[in-house]
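Protein chains: 2
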Amino acid sequence: MAGYVSEAVIRRLPGYYRHLRELEAEGVRQISSQGLGERMKLTASQIRQDINCFGGFGRQGYGYSVQELREHIGMILGVDRVHRMVILGGGNIGRAVALSDSFPANGFQTLAIFDADPGKIGTTIGSILVRDIETLTDFLREQPVDIAVLAVPPPQAQEVADDLCRNGITAIWNFVPADLKLPPNTTVVNVHLEEGLEILSFKMKQKET
Amino acid sequence: MAGYVSEAVIRRLPGYYRHLRELEAEGVRQISSQGLGERMKLTASQIRQDINCFGGFGRQGYGYSVQELREHIGMILGVDRVHRMVILGGGNIGRAVALSDSFPANGFQTLAIFDADPGKIGTTIGSILVRDIETLTDFLREQPVDIAVLAVPPPQAQEVADDLCRNGITAIWNFVPADLKLPPNTTVVNVHLEEGLEILSFKMKQKET
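Note that the protein sequences, when read in sequence, are chains A and B.
Residue numbers for the first sequence, in my numbering: 1 to 209.
Residue numbers for the second sequence, in my numbering: 1 to 209.
Honestly, the hints are just simulated from the structure, not real lab data.
It is possible that part of the hints are untrue.
As the list claims (entries may be wrong) - Within a straight-line C-alpha distance of at most 20 Å, the following computed EDC-like cross-link-like pairs (lysine to aspartate or glutamate) qualify: (1) K120(A) - E134(A); (2) K41(B) - E22(B); (3) K205(B) - E194(B); (4) K205(B) - E7(A); (5) K181(B) - E22(A); (6) K203(B) - E7(A); (7) K207(B) - E7(A); (8) K203(B) - E71(A); (9) K203(A) - E7(B); (10) K181(A) - E208(A); (11) K41(B) - D80(B); (12) K41(B) - E7(A); (13) K203(A) - D80(B); (14) K181(B) - E208(B); (15) K205(B) - D80(A).
To be verified - Stretches of chain A that chain B covers, calculated by requiring three or more beta carbons in the stretch to come under 8 Å of a beta carbon on chain B: (16) 8-22; (17) 78-85; (18) 172-183.
What the hints assert, rightly or not - Here are some of the chain B residues that sit facing chain A, going by a computed Cβ distance under 8 Å: (19) I10; (20) P14; (21) V28; (22) F54; (23) G78; (24) I147; (25) K181; (26) H192; (27) G196.
Treat the numbers as computed from the prediction; the structure is a model and nothing was measured.
Cβ atoms here follow ideal geometry from the backbone N, Cα and C, with glycine treated the same way.
Model the full structure from these sequences, guided by the hints.
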């Protein structure tokens, strides 16, 4: 990807990736900017601009090769490689992430779940062992882990995040509705589920008036 | 809220609401734009601009009343009222939503879960009954429902969404990675969990270079 890419384009990348995977699954081999635009509810010129931004693709009048473009965007996203994850917290959210088929299918492999609850430690969620959170440091020293999924109760979140960062974790997918203080080299993506419902509620109210 | 409010301000509203609730729980009664800014990682002038946009609050030099501002933003978000929800799909995501404490605590009450799996129908998730999805239409005719949480397998999503809209549902919280075709009066908020992981992967890769 050449030079500066706006946050808006970055946020559209996963959408491109998903649509291209769907097209590939449907057996579509070529697609025009017009066709992709209709599917993604973007204008053809927006699509061309975005794709130019990703590195220049397609030839005038030929459209894009679905497979090439999907592979290229997958490479930009870094989902052409395997990411090794641990999940912190074996509650509802941790369970949902651990039991998802789509994450491992996209190279996001969960190695272990950590929890503090003696009733959960030693059990499995799907095929993944729930380990004592006290053993987290030892585990991280022995196993290379790329991403930590944080789904512990809010009061524990900062302490667990500190532990993760001290032990070399630099990427956190945070489901806890809390603003974590993290070292500057840490990459974090927050998923605040409540906020989705609140935005929905706001938009419903707006329509009334 | 007076006049046009930008999407960026709307997206910050739940953050304000969360921080103000936390401040209230901590017993803080007044807060300056500076103090709120430090907490939310925004500048004091950004905070003042946003809050003016919500309808004009606080007096120069006195800061904001935490409770008043929290109540006002809650009202703007519409979370001062009860929202009645049904969950479509009793899988991992449906379960996680049904078992969350924080949604009912904020007035989002789940009345029922619908699934097509005979093994799930008749069971309960938390205290919520899983009903046969074939009975959805009857249920919606009898009960006022504000929000449908869509968490069915992708191939079923459009059909279930059509059923919901035909039966008066106008707000959908969609967890299915699919672009639904919906009537123009439907409000939808999409949560595409995979996209969060893909953005995380992208940002990790960007840091390497």
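>> Hint G196(B) vs chain A: min CB-CB distance below 8 Å?
In response: With a minimum Cβ separation of about 5 Å from chain A (threshold 8 Å), the hint on G196(B) holds.
> For the pair supplied as a hint, K181(A) and E208(A), is the alpha-carbon distance within the 20 Å limit?
Replying inline: At roughly 39 Å apart (the allowed maximum being 20 Å), E208(A) and K181(A) break the hint.
> Under the criterion that the straight-line Cα-Cα distance not exceed 20 Å, is the pair K181(B), E22(A) satisfied?
Replying inline: It holds: about 16 Å lies between the C-alpha atoms, which stays within 20 Å.
>> Please verify whether K207(B) and E7(A) have alpha carbons no more than 20 Å apart.
In response: Measuring from Cα to Cα gives roughly 15 Å; hence the hint holds.
> Would the pair K41(B) and E22(B) pass a check requiring their Cα atoms to be no farther apart than 20 Å?
Replying inline: 15 Å, holds
>> Under 8 Å between beta-carbons, do enough residues of the region 78-85 of chain A, three at least, approach chain B for the coverage claim to hold?
In response: holds (count 3)
> CA of K203(B) to CA of E71(A), is that 20 Å or under?
Replying inline: Between K203(B) and E71(A) the Cα gap is close to 18 Å, so the pair holds against 20 Å.
> Does the structure keep K205(B) and E7(A) at a Cα separation of 20 Å or less?
Replying inline: 15 Å, holds
> Taking the least C-beta to C-beta distance, is P14(B) closer than 8 Å to chain A?
Replying inline: P14(B) check passes; min Cβ-Cβ to chain A is 4 Å, inside 8 Å.
> Close enough to count: is the Cβ of I10(B) nearer than 8 Å to one in chain A?
Replying inline: Since chain A brings a Cβ to about 6 Å from I10(B), closer than 8 Å, the hint holds.
> Measuring from the C-beta of V28(B) to each C-beta in chain A, is the shortest one below 8 Å?
Replying inline: At 16 Å from the nearest chain A Cβ, V28(B) fails the 8 Å test, so the hint is violated.
>> Quick check: do three or more residues in the region 8-22 of chain A have a beta carbon closer than 8 Å to a beta carbon of chain B?
In response: With 7 residues closer than 8 Å to chain B, the region 8-22 of chain A meets the three-residue bar; holds.
Of the hints listed earlier, those the structure fails to meet are numbers 10, 11, 14, 21, 22 and 25, in rising order.
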